[in-house]
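Asker: Each chain, letter by letter, is given below.
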Amino acid sequence: MNFFTELREGLSISWGAIRANKLRSILTTLGIVIGIVTVTLMGTAIEGLNGAFLRSISFIGADVLYVDRMSWFISSEKEWIESLKHPGISLGQVDQLEKQLTLASAIAPSASTQLQVKYDKRHANNVQIIGTTEQFLATSGVSIMEGHFLSELDSDNGRQVCVIGSQVATNLFPRGSALGQKISIGQRPFVVVGVLDKQGTFFGNSLDNEAIIPLTQYLAAFDHSPDLEIRVKVKNLADIENAREELDATMRRIRHLAPEDLDDFSINQQDQFITLFHRVAGTIALIGVFITGLSLFVGGIGIMNIMFVSVAERTREIGIRKAIGAKRRTILLQFLIEAASICLIGGLIGLGIAWPLTLLVQKVLPATMSPLIVGISLLVSLVTGLISGIFPAWRAARMNPVDALRNE
Amino acid sequence: MGAETVHALREVSLEIQRGEYVAIMGPSGSGKSTLMNLLGCLDTPTSGSYELNGTHVSEMDDNQLAEIRNREIGFVFQTFNLLPRSDALRNVELPLIYAGVSAAERRQIALETLSSVGLGDRIHHKPTEMSGGQRQRVAVARALSNKPSILLADEPTGNLDSKTGAEILALFNELSKKGHTIIVVTHEEAVARHARRIIRLLDGLIASDEKTGA
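Chain order of the listed sequences is A and B. For the first sequence, position 63 (counting from the first letter as 1) is numbered 97 according to our numbering, and the numbering increases by one without interruption. For the second sequence, position 72 (counting from the first letter as 1) is numbered 85 according to our numbering, and the numbering increases by one without interruption.
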């Protein structure tokens with residue numbers, strides 16, 4: 035008898051056995067069902083968390099390097115004290131950088147603060163006021179919903195114009211368009227020339243509660259010697275490492291650092307966030323795997339237990355089959371398939387239960403039950419079945435037909 | 014639980030020819046079950062040898078024995094030993110499944126065999142839906158489906174009333190006339206007398222081996 039026939043035969047026998055013991059089979063699968071629900075939800079949640087995070091940091095831009103006075107991630111007090119000594123980045127340095135960089139497609143200096151913004155009797159608090167240049171459009175990934183972004187003329191001539199985030203627009207102009215209206219930012223009038231598309235939130239902070247004004251205006255009105263941040267968009271993402279090196283070398287030259295000096299500035303990029311996130315997500319996933327592993331283990335023991343019962347109950351059947359010519363392999367396969375089938379059915383039920391739960395999770399996270407997770411869940415249930423079925427099946431396969439036939 | 018080893022059979026030397034109808038008799042403890050297990054390749058002797066159709070069975074392993082049983086032996090048990098959840102057709106197909114016969118062919122063979130034992134109209138009945146006599150006929154059909162060398166029956170009428178028992182024995186006579194080799198293990202004289210040769214065992218030894226007038 036070839037393997038395929040044995041497989042089909044085993045399937046039909048186990049299907050009969052499962053149907054003959056419906057209640058028992060259902061109760062047995064319960065452990066696996068719970069295990070698979072946990073596996074699926076855990077997987078979906080982790081994928082969702084990943085997706086949510088990547089989406090939320092996408093505004094940072096994979097191809098943008100950020101030159102700051104301090105690093106985004108300071109790991110020790112010593113590093114903190116050291117970086118406090120770093121001199122700020124000046125506009126003059128930005129100009130030099132613009133002239134010297136070859137691998138950059140856009141360079142935008144920016145400074146920001148939080149102020150109240152008013153229009154008529156309405157006001158918006160804690161609005162992020164960003165002073166920058168027309169290049170910011172390319173480096174920040176923002177897009178215009180209405181009107182236009184700051185033009186080169188706007189930024190060079192320091193016109194009193196602004197581009198506002200969607201949240202500011204809805205707060206100040208609940209009805210009608212914001213375009214052409216004069217709003218007051220920190221007591222100074224600015225004409226709205228553009229409204230940005232919605233960007234969402236980052237770690238709970240709205241990215242849409244902002245107003246962008248020309249850097250020259252910002253410097254004149256709010257901060258005469260700010261600590262600038264420079265966003266450098268590289269021409270080619272594949273070249274980002276070279277661009278980073280060029281940027282580093284150029285900054286060192288501009289800031290007159292001796293070869294033995296450490297950088298007195300920091301180049302930050304999205305990658306750092308992703309690395310940090312993966313470390314956190316990895317820990318969460320590890321805990322998840324442990325919990326799901328535990329519930330599957332319990333489920334697997336249930337399967338093993340019921341398979342031993344099943345083998346004992348069917349000792350006589352095993353004897354008959356052996357007397358008639360079933361080999362060890364045939365009997366082994368028959369019971370393995372039975373265990374695997376029970377687990378697969380449990381897996382399918384588990385997926386059926388997890389599916390609506392995923393839809394619930396979707397309300398919080400951008401979670402979807404991906405084909406990969408479905409595949410993994412089914413594979414896990416199959417493997418659980420095979421592992422917990424192997425000992426009972428082996429016991430059945432090794433039975434002596436004479437003793438088995440004598441069994442009442 | 015004594016330390017003494019008990020040999021169920023000793024110095025049994027026996028030759029059965031193709032086409033014979035043999036009854037093995039003996040009181041319980043005489044070793045007839047052990048002899049049946051050996052003849053049926055369910056067990057191997059601790060010493061001595063068994064040659065079946067030119068094959069030395071005594072030194073075979075589990076899987077080889079399974080194959081030999083499948084090919085050479087058709088069992089008929091006192092308690093029928095049908096698979097309770099399968100219908101008659103499937104029970105009869107079982108040896109063919111293990112022999113690797115294709116689905117269409119085994120169905121054909123099973124149908125033929127079932128009608129040859131007079132159950133052509135009962136193929137989809139499950140064992141629980143049949144009388145004892147019918148069940149034993151299914152068992153005989155199952156035993157015959159693989160065209161084995163030996164039909165080995167262990168008290169085939171033990172669980173049947175005398176009328177159906179007689180029917181089964183009549184079926185055996187018929188099969189014997191067609192040339193099947195039949196070995197019946199029994200303790201009933203009436204059953205044994207249908208055979209053409211009776212081997213009587215006592216305390217693990219052959220007490221007598223004689224032809225009958227049947």
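No wet-lab data here; the hints were simulated from the structure. We put the beta carbon where it would ideally sit given N, CA and C, even for glycine. Just to be clear, a hint being listed does not mean it is correct.
One-sided and incomplete, this derived list gives chain A residues near chain B with beta-carbon spacing under 8 Å [stated by the list, open to error]:
# : residue
1 : GLU43
2 : ALA54
3 : GLU81
A few chain B positions that, by computed beta-carbon distances, are all more than 10 Å from chain A [to be verified]:
#  : residue
4  : ASN50
5  : ASP75
6  : GLU80
7  : ASN94
8  : LEU95
9  : PRO108
10 : ALA112
11 : ALA183
12 : LYS190
13 : THR225
Asker: The structure should be examined with respect to each hint, and the outcome stated for every one.
Answerer: How the hints compare with the structure:
Residue-level restraint check for A/GLU43 holds (minimum Cβ-Cβ distance to chain B is 6 Å; threshold 8 Å). This hint holds: A/ALA54 has a C-beta 6 Å from the nearest C-beta of chain B, less than the 8 Å allowed. Taking 8 Å as the C-beta cut-off, the interface hint given for A/GLU81 is violated, the closest approach to chain B being about 43 Å. Interface exclusion of B/ASN50 from chain A breaks down, the closest Cβ pair being 5 Å apart, not more than 10 Å.
Not every beta carbon of chain A lies more than 10 Å from that of B/ASP75, the smallest distance being close to 6 Å; the non-interface claim is violated. With a minimum CB-CB distance of about 7 Å to chain A, B/GLU80 fails to clear the 10 Å threshold, and the non-interface call is violated. Its closest Cβ contact with chain A, about 5 Å, brings B/ASN94 to no more than 10 Å, contrary to its assignment away from the interface. With a cut of 10 Å on Cβ distances, B/LEU95 falls inside the contact zone with chain A, its closest approach being about 8 Å.
A Cβ of chain A approaches the Cβ of B/PRO108 within 10 Å, the least distance being about 5 Å, so the stated non-interface status is violated. Here B/ALA112 does not stay apart from chain A, with its beta-carbon only about 7 Å from theirs, under the 10 Å limit. Non-interface call for B/ALA183 relative to chain A: holds, since the shortest CB-CB distance, roughly 25 Å, exceeds 10 Å. Every Cβ of chain A is farther than 10 Å from the Cβ of B/LYS190; the closest lies at roughly 25 Å, confirming the non-interface assignment.
At the 10 Å boundary, the C-beta of B/THR225 stays outside the reach of chain A, the nearest C-beta of that chain being 28 Å off.
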